[in-house]
Structure formats: C-alpha cells, structure tokens
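Given the sequences, and given the hints that come with them, work out the whole structure.
Just so you know, the sequences run in chain order V and G. Going letter by letter, the first sequence gives residues 679 to 973 in the working numbering. Going letter by letter, the second sequence gives residues 643 to 1047 in the working numbering.
The hints are simulated quantities; they were obtained by calculation from the structure and are not laboratory data. Hints may contain errors.
What the hints assert, rightly or not - To list a few chain G residues with every Cβ distance to chain V over 12 Å, as calculated:
| hint | residue |
| --- | --- |
| 1 | G852 |
| 2 | P865 |
| 3 | R894 |
| 4 | D905 |
What the hints assert, rightly or not - Partial list, derived from the structure: chain V residues whose beta carbon lies under 8 Å from chain G:
| hint | residue |
| --- | --- |
| 5 | T711 |
| 6 | T757 |
| 7 | Q764 |
| 8 | V773 |
| 9 | R779 |
| 10 | Q801 |
Claimed, not checked - Just so you have them, the derived chain V footprint on chain G, three or more residues with Cβ under 8 Å:
| hint | segment |
| --- | --- |
| 11 | 870-884 |
| 12 | 967-974 |
Built from N, CA and C at the ideal position, the CB exists for glycine as well.
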Amino acid sequence: MSTIPLGPVLDTAHAPGDGARVVEPKTPALLLTNHHHLCPGCGEPLAVRAIAEALEDLGLVDTAVCALGIGCYTSFGATVDVDLVQCLHGRAPSVATGVKRMLPDATVFTLQGDGDMVNEGLQEVLHTAARGESLTAVLVNNGVFGETGGHMTATSVLGQRTKNTIEGRDAEYHGYPILIGDLIAQLEGAAYVARGSVHNAGAVARTTKMVRRAFEAQRRREGFSFVEILTMCPTGWFIPTGEGPDYLASTLGEVHIMGELKADGQIRTTEELHAENVRKAAELDAQLARGGLED
Amino acid sequence: MTTTTGTTSTGTTTSGSASTGASARALMEGSEALVRAAILADCRFFAGYPMTPFTEVLEHFAALLPDAGGVCINAESEIEAVGMAWGAVATGARAATGSTGQGLALMQESFSEATLAELPLVIFNMSRSQGDYFQATRGGGHGDYRHIVLAPQDVREGVALVQLAFHLADKWRNPVMIYGDYLLAHTQEAVSVERVEFPPLPAKDWAVDGSRSGTGRSRSVTPLGVTKVGQRHFGQEGKAQYIATKMAYVEREARAEAGFCEDAETVVVAFGSPAKFVKYAVAQLRDEGLRVGWVRPITLWPFPVDAVRAATRTARVVGSFEISSGQLVDDVRIAVAGAAPVEFIGGVSSDHSGFGLGRLLDVDEVRERIRALHEGRTQPPVPGYEEFTYEPAPHQLAPTPEVTP
Chain V
679 MSTIPLGPVL DTAHAPGDGA RVVEPKTPAL LLTNHHHLCP GCGEPLAVRA
729 IAEALEDLGL VDTAVCALGI GCYTSFGATV DVDLVQCLHG RAPSVATGVK
779 RMLPDATVFT LQGDGDMVNE GLQEVLHTAA RGESLTAVLV NNGVFGETGG
829 HMTATSVLGQ RTKNTIEGRD AEYHGYPILI GDLIAQLEGA AYVARGSVHN
879 AGAVARTTKM VRRAFEAQRR REGFSFVEIL TMCPTGWFIP TGEGPDYLAS
929 TLGEVHIMGE LKADGQIRTT EELHAENVRK AAELDAQLAR GGLED
Chain G
643 MTTTTGTTST GTTTSGSAST GASARALMEG SEALVRAAIL ADCRFFAGYP
693 MTPFTEVLEH FAALLPDAGG VCINAESEIE AVGMAWGAVA TGARAATGST
743 GQGLALMQES FSEATLAELP LVIFNMSRSQ GDYFQATRGG GHGDYRHIVL
793 APQDVREGVA LVQLAFHLAD KWRNPVMIYG DYLLAHTQEA VSVERVEFPP
843 LPAKDWAVDG SRSGTGRSRS VTPLGVTKVG QRHFGQEGKA QYIATKMAYV
893 EREARAEAGF CEDAETVVVA FGSPAKFVKY AVAQLRDEGL RVGWVRPITL
943 WPFPVDAVRA ATRTARVVGS FEISSGQLVD DVRIAVAGAA PVEFIGGVSS
993 DHSGFGLGRL LDVDEVRERI RALHEGRTQP PVPGYEEFTY EPAPHQLAPT
1043 PEVTP
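Okay, structure coming up:
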C-alpha cells in the first residue's frame, strides 16, 4: 500500500532561502474566543477555522447563517460569531433549506459530523442535494462517533477499530462504509462536491479553498455545494495524539479519497482522484530525488 | 343559552368586524379555507408530505403560497417537512407544517425540541379520529414541553382559530397545533375568509438573518441553552426551567364555550366536529324537557379546567363524548375533580378506510348515548361493531401471581 503524501513535503535537506521571521498571528475575527474544550489532536477546530477564513476571505461574514448539527463540533456554536440555528441530529440540511428559502441572499451552511449526516441524516442530505438547494453542507468526517466515545459510524473504514467494532470493522458483519461525497456528486442538483482534510498544512490550505469554492457556488445559485473535511480523532481512534495525522492519511484518507469530486460540471470518481493523487505524489518524490521541491 | 369563556382579556376579536382582508363568501372545502386563513395571517412557508385526510391542506398551500410570495415545499418525508418549517420559523417568517397521526408521530422529536428552541411553529393536524388527543396534548416527544392545541368545531371557526394559532405561536414563542379532522378538512361550506385583528407583537429580534454575524452580537436559535460566548447563558437545565415557568403563563390562554349548563343534571364534554353533533343533540333533548347541557374545550391544551368545572357545577353526571377509546375523559376527570362521576360515552368509529367518519358520528346515535347517560343506563354498542368485542382467553382471566419479594 502506497501512502500518499497529501501536501508538499517539508524540505529539511536544504536551508531555506529566506531567514526566519516573525509573522502576525492570524486568528479569524469570527472566533469569539481562542478556547475550545475538544481533545488534544482533534481536527475539528481546524475545519471550523477553514470555514471562518473562507467566509472572511469572500466578504460574506454578514450574510452567514449556520445550521449546526449534533456532535463534538456543536460547542463551536457558542464560540463562532455567526447567526446560528441549532438542529436536531441529522436534520440540518432540512433546516438550512427552510432558512435559505426564506433568506435567499444569506450564505447558509450546515456543519455536521459523519454520525449526524451519514448515519442519522443521510436522507436529509441526499434529498437536499437532489433538490439543488443553493446552500453549502460541510461534513467533518472522522469515521467515528467522537462525542459518545469512539463508536462505529457509516463512514468508518474496513478494519477500523471502534468501541463497537473491537476487532475492526468487518465487511461481512458490519457492512461497508459509505463514501458520501461520491454519492452526492452523482446527483444532478449538486453543483460542487469536494473532499479535503486537515491532517497537514497543505491539506488545510486546500480545504479552505474548497470551502471558498463551495460558498462561491452558493452565491452564484448554481445548486447544492458540499465539502467533506476529514478530521483527526485520536481519542476516538484509540491512538496517541501525535499519530492522528498519519493515521488519517493511511486509513480514512485511503478510502475517502481527497480532491474535487464534482466541479465545473465534471464528476470525478474515487479511482480517478486516487490515480491523480498517486501521480502527484510520484512527481513530488521525483522532485525531491532531483534535489528539492520545484515551484 | 351559549356562553363563551376566554380566560384572557387581550382584546382579541373574532368577529371580523374591522376586517381588512375580507374575501367574498364562497363555497370552499375546509382545507382551502384554513390555508387561505393561514396566508391571511402572513404564513409564508409550508412544508408537508401527503397523507389522508391532511393531503388537501398541502395541495392548497402548494397552489396558493407562491402567488402570496411564499414557498411550499413537497418534503420527502414528514421529518424533513418539520425540519424545513423549523428553519423558516428561525428566520422570523410565519411558517407551518402538518400531517395526520402517523406523520405527526414521525415529527415528535422536532416538536418537543422546537418547544425548547422557542420556535413559533404552527402545525396543521387533520386527524383520522380523536384517538390522537393524547398525541396532541401530551405528545410523544422528549422532555418537558407543551403545545397550545386549538380544536375548531367547523370551517368557519377554523378560519379564525388558524389566525389565532399564528398569533399565539408568536406571542408565546411556542408551537401551536390546529386539531382538525376528516370532516373539517373535507366539508364544503360557504365561508368568507376574513382577517382577524390581534394586538401588535414585538419584533422578532431573536430571529437569524446573518446580518449580525461578525459583529459580536450574532444570534442563536437553540434548544440547548447554549448561547454565544459573552451572552446570557442558560445551560440545558436552566433552559428547561425557563420553559417550564413560561408554561404557567401560557395556561391563561384556555378557551371554551358552554350551553344549557345553568341547571343541567347531565353535562356532556366534546371537542372539534363531534362537539357540533353533541350541541345539536343536547338541544333536541332540551326540547324533550331533559336537563342536559354541553361544554366544548376550544383549547385542548391548555385544558379549560375552570370553564369545565363551572359548566358542570350542577351536574349529577358528566359524560365525555369523543371518537376514541377514551382520552379526553382523563382531562375531564381532572377538571371535575371528583365533584361528579365522569363517564366515557364515545367510542372507536371510522369508515372502512380508517381515515373518515364512522356511524357513531350521527345525531341520533349521539342523542341516544346522552339519553342513556342521563337515565343511568348502559351505553349502547358502537353501531356496526357489535361483534368486535374482545373475548379474553381463560389464561388471561386467571390471576397473575405477585412478584414482589
């Protein structure tokens, strides 16, 4: 199994051209506090930050309304300075539909976990996408029910150990994971579908760009836009905190393939995205072998 | 001989005298009249899923809302329908959903949570019988919650109560249900849908529109008691406590009307369409010289305890006529509080589809049941179902042993 590096690899073999410098710490203005109560190594704060930065970058802050699901990330409802409708588990896309139909000029987005969206609310998200509602659904997918303490979800990958798949998820006994982004991309009403991650700096930057593109699709009223963000959950994965990013890349990231699944009217399959990621990784390896990363 | 008891004195008029949105008297089915009344009350969003006998409510919203500048979504399930209405209400718009028994059962989680989120949601319940009285007044949702439930006796009253529903929902920031039935939804009546004037309500500064995002004053519409950092914080328990203490005030909205009760020896309690049959049958029995009266709860919750107690003051016996196996009778017993025996004189009765009216909803049948109650006789069987009487098996008649240690 080849592990795909999903961002530029830091070149430690050569001294940087520029000297070290102090940069302004950039905290999104939308955060009412820097504090959160999530576990060390959790990826969800990074995902929330990507959303906040995308809204700020596009100048859409004073139009933003969030329909928030139920999971660990629910606590961000109190700390992100965005008009909020707290939803029942799974129901956020329906609630967002009602909000958007009454406020066509608002930038409406859901924030849901994999348990919320792919388990409890699969029907909601698929129907909302099929209707082509001009809103954005954001999924933070860690393949586990983090809030309950690490139980299998519909996106848990085969072999993944959870509290109720102690020996690992077994296809014969527990069934197969749902690749929700791939499913949504097939629907006519979906305008933009992408899957990013927050397991390294490059992935965070690409994910922020995906969220931006999703909001842009919404502003252009092109239809439903969807960004799935793979996030670390070392607590729910029962691994040391520091191993979260690598575990994400080598397990979830190998099944839920990152990239743009639907953009500019073109659908790309998991196989196509995987091939492209492998090609990019090989190119980076070749550059390193030649003595350093090219621009 | 009829007295109406509204326990509030908010200046509400239901006469339509100062109406501004009057429409000409026209023959229309109940569903259409209710929908026109909702639109007159500024309802601009509806989401629903078809189910008999509620379906026509959805049809008329779908036909009429777009021209009124509103949106009607044919939701893919009842659960999605109530979610969509939830979102629309959260923006400050007047919005509604609806269904019948099973569909409303699917919506219960949202109904109770919407109460905690203080969402002024209006629910059109066109029920298949009165066996959903408990569902409407107790509900199957979680936690401590109550809904105001309005039960019109006919289309004309329905037009007024639908508008009252939207007013009360906003006044208390609490869901309000219209409890109708097959007869209300499908009866064609000559009605004029006229605007009912209500006292002004405060602006919905709690509603979301995105304009305050990023200002440090963004809003949360939430059942969880979690507010933004720096704002008044309820916490889960605090929010539940806050809602619980609000309900004591909402109870002041109880409404009922009564007739022939001043000297009545027998008083019959009934709500909705069947109450109209009871009123007619009681008038016939009065003509025969029987001292019988009736009292009709207009709000099923808050239950008009004071009005029922006052109406049954002289009663020797109280009857509950309802199309169910006996649900309303519980609330009547609570209201009468042992002052007189309370007997159930209704029954399960529907047509063969299970959606419509059975043979019990007939003036002659209703009159004979009231007469039997008045004369202390056993209630006659529900017509058409004489042979469907449960026969316990011997093992069921045998006593079950005590199991306490």
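So, going through the hints one by one against the coordinates:
no., hint, in the structure
1, G852, "violated, 4 Å"
2, P865, "violated, 6 Å"
3, R894, "holds, 29 Å"
4, D905, "holds, 52 Å"
5, T711, "holds, 5 Å"
6, T757, "holds, 5 Å"
7, Q764, "holds, 4 Å"
8, V773, "holds, 4 Å"
9, R779, "holds, 5 Å"
10, Q801, "holds, 6 Å"
11, 870-884, "holds (count 3)"
12, 967-974, "violated (count 0)"
Checked against the numbered hints given earlier, the structure breaks hints 1, 2, 12 and satisfies all the rest.
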